[in-house]
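A.B. asks: Listed here are the chains, written in short residue letters.
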Amino acid sequence: MNAKGKVLKYGSNVDTDVIIPARYLNTSDPKELAAHCMEDLDPDFRNKVEDGDIIVAEQNFGSGSSREHAPIAIKESGISCVIASSFARIFYRNSINIGLPIIESPEVVAETDDGDVLEVDFTKGEITNVTKGKTYTIQPFPEFIQELISAGGLIKYNKAKM
Amino acid sequence: MGMTMTQKILANKAGLDKVVPDQLILADLDMALGNDITAPVAIGEFRKLGLDKVFDEKKVSLVMDHFTPNKDIKAAEQCRYVREFANEMDIENFYDVGEMGVEHALLPEKGLVVAGDLIIGADSHTCTYGALGAFSTGVGSTDLAAGMATGKAWFKVPSAVQFVLTGEMQEHVSGKDVILHIIGMVGVDGMLYKSMEFAGPGVKNLSMSDRLCISNMAIEAGAKNGIFPVDEKTLEYIAVHSDRKPVIFEADEDAEYEKVYEINLSEIKPTVAFPHLPENTRTIDEVGDIKIDQVVVGSCTNGRLEDMIMAAEILKGRKVAKGVRTIIIPATQKIYMDSMKMGLLEIFINAGAIVSTPTCGPCLGGHMGILAKGERAVATTNRNFVGRMGHPESEVYLASPSVAAASAVLGRIASPAELNGREG
Ligand code: SF4
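As given, the protein sequences belong to chains A and B, one line each in that order.
Heads up: the first sequence at position 141 corresponds to 141 in the working numbering, and the numbers run straight through without jumps.
Count along the second sequence starting at 1, add 162, and that's the number in the working numbering.
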């Protein structure tokens with residue numbers, strides 16, 4: 001499992017209300033949600049984002065509401081992975097549950113700039129900053145979570161067991 | 163090493179003698195909750211499992227509160243989708259227009275959650291029920307789908323921070339000021355992944371309404387839950403509202419806390435959170451001159467009867483300032499009715515406020531009071547993020563019902579004490 005793309009970098013406390021404003025929550029269609037992803041923080045996000053891109057952000061990414069629409073909007077926008085110094089806990093579990101890879105690494109965040117190209121090897125537990133030529137080791141997910149992700153999310157994981 | 167109250171409930175529901183922080187467990191649910199925004203996504207996921215019933219028709223609650231009465235066609239479609247599911251699955255606790263209320267005010271009132279329960283809700287403020295001595299936490303829609311199917315959810319056992327409360331609150335200070343003070347102190351990510359455990363002799367001086375308000379905003383400090391010990395007030399509340407028997411868990415004497423804060427309730431002043439984070443708190447004397455366009459009293463944080471009473475005490479015989487749209491939203495049908503019987507609605511309307519049917523409405527910028535560019539509101543809600551109540555360049559200031567009502571009268575953010583001696 002791999003991800004590679006250019007970095008879109010943001011600051012601390014990127015909350016679910018800016019990831020997907022509540023005024024668009026009268027639908028759960030991923031495409032419609034993606035059309036408004038990050039709109040209140042970075043109105044240009046839609047035009048900048050390309051398939052495979054990686055969001056890098058500082059602390060407490062995804063704080064606020066439990067709306068799963070937030071990771072869904074991000075995933076549907078083509079983002080292959082989110083790396084942050086820390087995540088709000090509901091966002092963290094939602095991302096895993098829907099199969100959006102998500103990595104906590106203050107070190108990588110500190111040394112990554114907007115526009116850098118990152119390559120993530122989830123199996124080996126490595127992140128390479130291609131632009132800067134530096135590789136980092138990351139904590140692999142706990143076993144339970146790995147099983148869940150490899151099953152393709154919580155629903156498929158449960159279905160397989162039923 | 164002993165366990166905290168949260169850890170004891172989790173261990174009990176996972177069928178284990180003991181749990182330790184960071185342990186992953188699979189636990190049994192007493193209630194799984196969804197609303198008109200999160201349930202449609204959960205139902206879509208649930209359908210993928212191909213099941214024809216939920217794990218227990220009595221242990222699922224679906225509350226249509228965010229965009230209801232339906233604000234537009236899409237909202238109507240979402241509610242219909244949930245309604246059809248609820249009918250098909252025979253879900254007992256489906257609350258629609260006419261019976262509904264803001265979910266976290268409604269569930270305790272209906273007696274659906276009691277001490278010792280484990281509750282998940284696809285809504286971040288599900289942590290509210292910690293006030294009753296239950297473990298409750300917000301999850302996403304996929305968790306809710308799996309919960310409705312299996313009656314179980316996975317958790318990472320949290321470590322805890324203890325807040326020892328002492329003393330008694332001063333006049334015009336309520337639970338909202340206490341929790342805003344705490345969030346100002348620890349920050350919006352200060353409690354990330356942890357449980358906030360309240361304790362100490364000051365707890366008995368807090369009403370259930372204060373406690374529900376405090377637990378409600380635990381998530382605004384990033385916490386997984388915020389829990390109160392069970393005392394006489396809790397048991398009385400549960401006895402009045404529920405047929406179910408509460409189960410009392412107490413923290414062990416040698417439970418481990420990462421940190422212990424002592425909070426003297428008598429030192430807390432009315433507190434306001436400035437845009438755009440709940441941690442940007444100032445005490446009322448540091449606020450300065452901030453003109454406002456709108457006041458909202460309501461939500462799962464401060465839409466209970468006690469909150470209506472607080473607002474009415476200030477608004478009685480007074481008028482809201484010209485140009486301040488004052489919107490009052492009792493959180494449930496029962497609160498609406500009780501407010502009516504007590505004459506509070508008349509006080510509000512005479513003051514120039516409007517009273518709305520229960521709904522989340524403006525709290526999340528849904529409907530019923532959206533802000534235009536550059537406008538400012540004082541709200542008794544729980545979040546003041548960018549664009550939360552409307553235009554991305556509007557502003558929300560979080561405060562108690564007393565401060566919100568006083569601000570409505572004076573047209574700027576104001577202390578209720580400023581009205582003392584003035585006509586009312
Ligand atoms: S009142 Fe506000 S915070 Fe509470 S459930 Fe409704 S939208 Fe969420």
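The reader is advised that the hints may include incorrect statements.
[To be verified] Computed far set for chain A versus chain B, every beta-carbon distance over 12 Å:
#1 K9
#2 E107
#3 G125
#4 N158
[What the hints assert, rightly or not] Partial selection, computed: residues in chain B whose CB lies under 7 Å from chain A:
#5 K210
#6 A237
#7 A308
#8 D351
#9 Y355
#10 H403
#11 L526
#12 G527
#13 R550
[Stated by the list, open to error] Think about it this way: if two alpha-carbon atoms lie no more than 25 Å apart in a straight line, the pair counts; the simulated PhoX-like pairs of lysine-lysine are:
#14 K215(B) / K161(A)
#15 K180(B) / K314(B)
#16 K31(A) / K314(B)
#17 K6(A) / K132(A)
#18 K31(A) / K180(B)
Keep in mind the hints are simulated off the structure, nothing from the lab.
Backbone N, C-alpha and C fix where the C-beta goes; we use that ideal spot for every residue, glycine too.
A.B. asks: Next, verify each hint and record whether it holds.
C.D. replies: Here is what the structure says about each hint:
No Cβ of chain B comes within 12 Å of the Cβ of K9(A); the nearest lies about 18 Å off, and the non-interface call holds. Every beta carbon of chain B lies more than 12 Å from that of E107(A), the smallest distance being close to 18 Å; the non-interface claim holds. Non-interface call for G125(A) relative to chain B: holds, since the shortest CB-CB distance, roughly 19 Å, exceeds 12 Å. The non-interface label for N158(A) is inconsistent with chain B: the shortest C-beta to C-beta separation is roughly 5 Å, within 12 Å.
Contact between K210(B) and chain A, as hinted, is supported at the beta carbon level, the nearest pair being about 5 Å apart and thus within 7 Å. A least Cβ separation of about 5 Å between A237(B) and chain A falls short of the 7 Å threshold, and the interface hint therefore holds. Below 7 Å, beta-carbon pairs count as interface contacts, and A308(B) has one with chain A at about 5 Å; its hint therefore holds. Interface hint status for D351(B): upheld, as the beta-carbon distance to the closest one in chain A is roughly 4 Å, under 7 Å.
A least Cβ separation of about 5 Å between Y355(B) and chain A falls short of the 7 Å threshold, and the interface hint therefore holds. Violation of the interface hint for H403(B) is found here, the shortest Cβ-Cβ separation to chain A being roughly 25 Å, above the 7 Å cut-off. Interface hint status for L526(B): upheld, as the beta-carbon distance to the closest one in chain A is roughly 4 Å, under 7 Å. Given the 7 Å rule on beta carbons, the hint for G527(B) holds: about 5 Å separates it from the nearest Cβ of chain A.
A distance limit of 7 Å between C-beta atoms decides the matter here; for R550(B) the minimum to chain A is near 5 Å, and the interface restraint holds. Under the criterion of a C-alpha separation no larger than 25 Å, the hint pairing K215(B) with K161(A) is consistent with the structure, at around 17 Å. As the CA atoms of K180(B) and K314(B) are separated by approximately 18 Å, the hinted pair is consistent with the 25 Å bound. For a cut-off of 25 Å, the pair hint linking K31(A) to K314(B) is broken: about 30 Å separates their Cα positions.
Proposed proximity of K6(A) and K132(A) is supported: the alpha carbons are some 12 Å apart, at most 25 Å. The straight-line distance between the Cα atoms of K31(A) and K180(B) is roughly 45 Å, outside the 25 Å bound, and the hint therefore fails.
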